[in-house]
Amino acid sequence: MMGWKQIPPGMVILEAGSALKFKTGSWRAFKPRWIEENCIHCLLCWLYCPDNAVKVKDGKRGEFDFDYCKGCGICALECPGKKGNKAIVMEEEVK
Amino acid sequence: MTKVVAVTGNEAVANAFRQIEPDVCAAYPITPQTELMQRFASFVSDGKVKTELILVESEHSALSACVGAAAAGGRVATATSSQGLALMWEILFITSGMRLPVVMAVVNRALSAPINIHCDHSDAMGARDSGWIQLWSENAQEAYDNAIQAFRIAEHMDIRLPVMVCYDGFIISHSIERIEYLDDDIVKNFVGEYKPLYPLLDIENPKSYGPLILTDLYMEVRRAHAEVYKKVPQVVLKVAEEFEKISGRKYGLFETYRLEDAEIGLVVLNSAAGTAKDVVDEYRDKGIKVGLIKPRLFRPFPYGEIGDALKHLKAVCVLDRADAFGGSFGPLYLDIATSLYPYSIKPALINRIYGLGGRDFMPEHVAYVIEELKKIVETGKVESFKEYIGVRE
Chain A
1428 MMGWKQIPPG MVILEAGSAL KFKTGSWRAF KPRWIEENCI HCLLCWLYCP DNAVKVKDGK
1488 RGEFDFDYCK GCGICALECP GKKGNKAIVM EEEVK
Chain B
135 MTKVVAVTGN EAVANAFRQI EPDVCAAYPI TPQTELMQRF ASFVSDGKVK TELILVESEH
195 SALSACVGAA AAGGRVATAT SSQGLALMWE ILFITSGMRL PVVMAVVNRA LSAPINIHCD
255 HSDAMGARDS GWIQLWSENA QEAYDNAIQA FRIAEHMDIR LPVMVCYDGF IISHSIERIE
315 YLDDDIVKNF VGEYKPLYPL LDIENPKSYG PLILTDLYME VRRAHAEVYK KVPQVVLKVA
375 EEFEKISGRK YGLFETYRLE DAEIGLVVLN SAAGTAKDVV DEYRDKGIKV GLIKPRLFRP
435 FPYGEIGDAL KHLKAVCVLD RADAFGGSFG PLYLDIATSL YPYSIKPALI NRIYGLGGRD
495 FMPEHVAYVI EELKKIVETG KVESFKEYIG VRE
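Chain order of the listed sequences is A and B.
Position one of the first sequence corresponds to residue 1428 (this note's numbering), numbered consecutively onward.
Position one of the second sequence corresponds to residue 135 (this note's numbering), numbered consecutively onward.
Just so you know, these hints were derived from the structure itself, not from any lab.
Among these hints, one or two may not hold up.
The calculated lysine-lysine pairs, modelled on PhoX-like cross-linking and capped at a C-alpha distance of 25 angstroms, are [said to hold, decoys possible]:
| id | chain 1 | residue 1 | chain 2 | residue 2 |
| --- | --- | --- | --- | --- |
| 1 | B | K341 | A | K1448 |
| 2 | B | K423 | B | K480 |
| 3 | A | K1432 | B | K364 |
| 4 | B | K411 | B | K448 |
| 5 | A | K1432 | B | K365 |
| 6 | B | K508 | B | K448 |
| 7 | A | K1432 | B | K341 |
| 8 | B | K379 | B | K322 |
| 9 | B | K341 | A | K1450 |
| 10 | A | K1448 | A | K1458 |
| 11 | A | K1513 | A | K1487 |
| 12 | B | K509 | B | K420 |
| 13 | B | K384 | B | K445 |
Please construct the entire structure, taking both the sequences and the accompanying hints into account.
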């Protein structure tokens, strides 16, 4: 760990994108589960996710990035699902 | 060539800001600061400066806008008083913690309640541990000179810290005095071109200000921050030395007045020092060895230097224009007591609170205190460490 003599002035971080190193997934108490058969690929979950933890590939929704998903549940709330069946549900995190 | 003028303290500082021409000013009106930014706003409207003046809805927003502008890479100034400074409190720590060299004129005024627009020092004293450098000014000339030096101090690459320039509300801010202006080009040349450190607008080199730092690193960050303040006194002295070359006016960390051979002494900030010096002269004429010390750099406080200047005295009165509730002493008294603590032989030290909410501080109040100190020296006894002067029973 860094000692106080190595601290940069004002703690300004000069390295771009260093938040990637801070894996906030460990904060999670609830974990979203994606149910692919109910997914219409509207990408609302991708749009609303505050942590860029919903991955998209070729215009299709992909898996969660659990390194950064804090389990806030916004994706599950916003998910319109298919015929009333949610494509994202929140489940208690198990160790 | 200097220009002698008769102006208010606010007008003098507004002119210093005009000469320096910061990139950004964000301010909100509050008595008695209002006149300063009103005059500066005229300079902006009249095209005399190219400063971007941001009108905001509160002092909290004013200083927040200053923080943003300074992090973006601009030279930034603002001004406030009393409740305005209190409302800025949260952002004061953010400005200093991010090492942003914002300069702020603090036109000292009492705090509510009860509401009062007149001078005392409780506003700036409440912010004394916020990490801002504080320069205090006896008169309009010192306010003007300190405002100019403040930019050089704040922007010095060794420290990069925000600076408050404090001067007394109404007594100095609104009274017309004779002062000497420096030429515009001399001031511009003295402050020089602004050199930003880590500007956010340098988009080729992205950076983050104000990261989340938790238990694993916060203490190291604060320890590193505390270290920076050790370098402040030498920067203040170096800037003062250069300022003397352009102005002929000498500044230090504090001013001593007839103190070298004194037996009793007064410690007083800002405008009251002027009144006190006159009374010191009267007592000197009577053969009483009295002197005075007026701190200029109040934060960081030069404990070693001030303790050394006072240690030879027999009795000292610290005059505080701010009270401390909760049974404590005035803020200036606490620092003077700390500066004298390391000496085994030290003066008797009393605290007298004066001038709250603009209450007149008269020569007879100074004389009263000097008589008290004489008595302490004669009897070797201190009857009361903290009292109020000029208050009705």
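Agreement of K509 (chain B) and K420 (chain B) with the hint, judged by alpha carbon distance not exceeding 25 angstroms: 16 angstroms, holds
Hinted pair K423 (chain B) and K480 (chain B), Cα distance within 25 angstroms: 17 angstroms, holds
Satisfaction of hint between K1458 (chain A) and K1448 (chain A), Cα-Cα up to 25 angstroms: 21 angstroms, holds
25 angstroms limit on alpha-carbon distance, applied to hinted pair K1432 (chain A) and K364 (chain B): It holds: about 14 angstroms lies between the C-alpha atoms, which stays within 25 angstroms.
Hinted pair K1432 (chain A) and K365 (chain B), Cα distance within 25 angstroms: 15 angstroms, holds
Satisfaction of hint between K448 (chain B) and K411 (chain B), Cα-Cα up to 25 angstroms: Since the Cα atoms of K411 (chain B) and K448 (chain B) sit roughly 19 angstroms apart, the hinted pair holds (cutoff 25 angstroms).
Restraint check for K384 (chain B) with K445 (chain B), where alpha carbons must lie at most 25 angstroms apart: 24 angstroms, holds
Pair hint K379 (chain B) and K322 (chain B), alpha-carbon separation not exceeding 25 angstroms: Cα-Cα ~15 angstroms, so holds.
Pair hint K1513 (chain A) and K1487 (chain A), alpha-carbon separation not exceeding 25 angstroms: 17 angstroms, holds
Pair hint outcome, K1432 (chain A) versus K341 (chain B) [Cα-Cα no greater than 25 angstroms]: Holds, at about 20 angstroms.
Pair hint outcome, K341 (chain B) versus K1448 (chain A) [Cα-Cα no greater than 25 angstroms]: 15 angstroms, holds
25 angstroms limit on alpha-carbon distance, applied to hinted pair K341 (chain B) and K1450 (chain A): 19 angstroms, holds
The structure shown violates none of the earlier numbered hints.
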